[in-house]
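**Q** For reference, the chains in residue letters:
There are 2 protein chains.
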Amino acid sequence: MINKLTDKIKKLNAPVVVGLDPMLSYVPEHIQKKSFAEQGETLAGASEAIWQFNKEIIDATCDLIPAVKPQIAMYEQFGVEGVMAFKRTVDYAKSKDLVVIGDVKRGDIGSTSAAYAAGHLGKVTVGQKTYAGFDEDFVTVNPYLGTDGIQPFVDVCKEEKKGIFVLVKTSNPSSGEFQDKLIDGRPLYELVAEKVNEWGAGCMGDRYSYVGCVVGATYPEMGKALRKLMPNTYILVPGYGAQGGKAEDLVHYFNADGLGAIVNSSRGIIAAYKQEKYARFGAEHFADAARQAAVDMIADITGALEK
Amino acid sequence: MINKLTDKIKKLNAPVVVGLDPMLSYVPEHIQKKSFAEQGETLAGASEAIWQFNKEIIDATCDLIPAVKPQIAMYEQFGVEGVMAFKRTVDYAKSKDLVVIGDVKRGDIGSTSAAYAAGHLGKVTVGQKTYAGFDEDFVTVNPYLGTDGIQPFVDVCKEEKKGIFVLVKTSNPSSGEFQDKLIDGRPLYELVAEKVNEWGAGCMGDRYSYVGCVVGATYPEMGKALRKLMPNTYILVPGYGAQGGKAEDLVHYFNADGLGAIVNSSRGIIAAYKQEKYARFGAEHFADAARQAAVDMIADITGALEK
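Keeping their order, the protein sequence lines are chains U and B. At the far end of the first sequence sits residue 309, using our numbering, and the numbering has no gaps. At the far end of the second sequence sits residue 309, using our numbering, and the numbering has no gaps.
Bound conformation, chain U alone (with noise of 0.2 Å):
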């Protein structure tokens, strides 16, 4: 999977994910009231509204982005319901072949791990037969447990072919509060950063590891000392646009091939008919100015990394 993710940001030189992360207030009010007006003002009727928004989303710009990434706690806040539309937003995306990223950041002791990497990457066997959960192509993980939480998720990567990100520095503003405390003069990210690189060497893809990382926008200073550290591993990057990360910084999360980094821009992208720039497609055509928000960062990410 890190090689169809390679080869299409290749392809479509856009080194950039769209966050699928839908609060019900960015979901134009027509969609909301037909949703409720079908399934009422209920967790399914939420659930509804956001799932036509996604496919919306998807449907404007598939053939611009290489991936997805639906952010799955804007669905578990609407309970099960939720869960349904955060499962059918990643088997429309995949069937647009895109790449999905379940941005789940789950993480636990081995065994525990095990049954999550079954649900989210795997398959799991019941008498007979084998299912897949929720069979996302990529998932985030929390790191905290160390190997032995991480280990299964490398397993059923190397069984599927497919991957995960491994949070190393997160671009929230308290991010440093642990992962920057000095270890032997050395911040804890860096530490995870030389397990992660541990974690992806028995499961290299072409040129990249299964295993990836994120390391936030926020921190590009981090962000270049992290890419000469993980020289083969993927870096997904939060925290461009809304969050403060800007593209002339990101040019070091990269390497010298162009390729090594995926940028996520999450609100500025499914959002965009809120703001000013994009106010004159009006929220009937969200989903166009989302198109058009996708375009801009594309040029902007791309435009910065050919200077």
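Keep in mind that a hint or two might mislead.
[As the list claims (entries may be wrong)] Derived DSSO-like pairs (lysine-lysine); straight-line CA-CA distance at most 30 Å:
| id | chain 1 | residue 1 | chain 2 | residue 2 |
| --- | --- | --- | --- | --- |
| 1 | U | Lys-57 | B | Lys-131 |
| 2 | U | Lys-35 | B | Lys-125 |
| 3 | B | Lys-248 | B | Lys-183 |
| 4 | B | Lys-125 | U | Lys-276 |
| 5 | U | Lys-248 | U | Lys-6 |
| 6 | U | Lys-98 | U | Lys-160 |
| 7 | B | Lys-276 | U | Lys-125 |
| 8 | B | Lys-57 | U | Lys-131 |
| 9 | U | Lys-57 | U | Lys-276 |
| 10 | U | Lys-163 | U | Lys-6 |
| 11 | U | Lys-36 | B | Lys-125 |
| 12 | B | Lys-35 | U | Lys-131 |
| 13 | B | Lys-131 | B | Lys-98 |
| 14 | B | Lys-309 | B | Lys-6 |
| 15 | U | Lys-131 | B | Lys-36 |
| 16 | B | Lys-276 | U | Lys-131 |
| 17 | B | Lys-230 | U | Lys-183 |
| 18 | B | Lys-125 | U | Lys-57 |
| 19 | U | Lys-36 | B | Lys-131 |
| 20 | U | Lys-12 | U | Lys-163 |
| 21 | U | Lys-125 | B | Lys-57 |
| 22 | U | Lys-230 | B | Lys-183 |
| 23 | B | Lys-96 | B | Lys-10 |
| 24 | B | Lys-183 | U | Lys-226 |
| 25 | U | Lys-160 | U | Lys-131 |
| 26 | U | Lys-96 | U | Lys-57 |
| 27 | U | Lys-57 | U | Lys-13 |
| 28 | B | Lys-160 | B | Lys-125 |
| 29 | B | Lys-131 | U | Lys-35 |
| 30 | B | Lys-125 | B | Lys-96 |
| 31 | U | Lys-12 | U | Lys-248 |
| 32 | B | Lys-98 | B | Lys-160 |
| 33 | B | Lys-98 | B | Lys-10 |
| 34 | U | Lys-276 | B | Lys-131 |
| 35 | B | Lys-226 | U | Lys-183 |
| 36 | U | Lys-125 | B | Lys-35 |
| 37 | B | Lys-248 | B | Lys-279 |
| 38 | U | Lys-183 | B | Lys-183 |
| 39 | U | Lys-125 | B | Lys-36 |
Just so you know, the hints here were simulated from the structure itself, not pulled from any lab data.
Using the hints, position chain B against chain U.
**A** Below, chain B without anything else, positioned relative to chain U:
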């Protein structure tokens, strides 16, 4: 909710929680057969089997124990249908007046943690209405992202009078890889423990904070030190039994009042009928075996505490 948990532990003299972490292999043949006959060898069939299994365990133990801890990974492995079984389990346990600790180990950047907190502990607004998605009483939370990943959970806990358990020192073999690393001479898990104190200071129940922590039974020396460092924090203790933690080692996880810790056992209770010790019950009476194992565990731990 921390007051309810404390009161129930006192009343029952049972500082234990039963982990509802059903692998399909734990579910006796007769339940699997019945579920598969009704729903086929499908994800729905597996989820039905797990739900029926949980229901019997809950019925057989709910007068003995204060709380259950369903591990959501074991449900997510069966996809959306599995998540439905998780929700049924949460609701049924609550209907039996059990405190429900959702072992979900969530944690993300602020706005995303807010969605998790709303979905698992709080409420979400849909049009003019509000709904609780999963509605557990407590959830477990991962601290790697720092304060702004935790605060949204704390805010919801205050509003809803619910609680969280923050991972401090986990029970697995490689937990030390990052958690034990020394920062200015002190292990990372102690820094997290200090933050747990800070996060919990503003939301105290009668005696203990709404913000608890997780410290594995498998590291008793660390448990002893952490107990002193967090005097007002309830400690959720996984790792007893199957993972190797012993009752006499756990005495120091408690305060002098005999409170302050709640010990989890999963496999050791719910799959007790597979142990030689409880084989006399047979698979048909797995729930009676679970009840006996719970009785024995309570005696083991309260016995050690009385010494």
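**Q** Verify the proposed pairing of Lys-160/U with Lys-131/U, using a straight-line Cα cut of 30 Å.
**A** holds, 21 Å
**Q** Within a Cα-Cα threshold of 30 Å, do Lys-57/U and Lys-276/U meet the stated pairing?
**A** holds, 18 Å
**Q** Quickly compare the C-alpha distance for Lys-230/B and Lys-183/U to 30 Å and report which way the hint goes.
**A** holds, 23 Å
**Q** Has the given pair, Lys-98/U with Lys-160/U, been kept, meaning a C-alpha gap of at most 30 Å?
**A** holds, 24 Å
**Q** Holds or violated: Lys-276/U with Lys-131/B, Cα cutoff 30 Å?
**A** At roughly 24 Å apart (the allowed maximum being 30 Å), Lys-131/B and Lys-276/U satisfy the hint.
**Q** Could you grab the alpha-carbon distance between Lys-131/U and Lys-36/B and see if it respects the 30 Å cut-off?
**A** Holds, because 16 Å separates the two Cα atoms, which is no more than 30 Å.
**Q** With a cut-off of 30 Å on the C-alpha distance, tell me whether Lys-125/U and Lys-57/B pass.
**A** Answer holds: Lys-125/U to Lys-57/B is near 26 Å, not above 30 Å.
**Q** Compare the distance between the alpha carbons of Lys-36/U and Lys-125/B with 30 Å, and conclude whether the hinted pair is satisfied.
**A** Since the Cα atoms of Lys-36/U and Lys-125/B sit roughly 23 Å apart, the hinted pair holds (cutoff 30 Å).
**Q** Verify the proposed pairing of Lys-183/U with Lys-183/B, using a straight-line Cα cut of 30 Å.
**A** holds, 10 Å
**Q** Decide if the proposed pair is consistent with the structure: Lys-35/B and Lys-131/U, CA atoms, cutoff 30 Å inclusive.
**A** holds, 14 Å
**Q** Please work out if Lys-131/B and Lys-35/U have their alpha carbons no farther apart than 30 Å.
**A** Answer holds: Lys-131/B to Lys-35/U is near 14 Å, not above 30 Å.
**Q** Straight-line Cα separation of Lys-125/U and Lys-35/B no greater than 30 Å?
**A** holds, 21 Å
Comparing the model with each numbered hint stated earlier shows that all of them hold.
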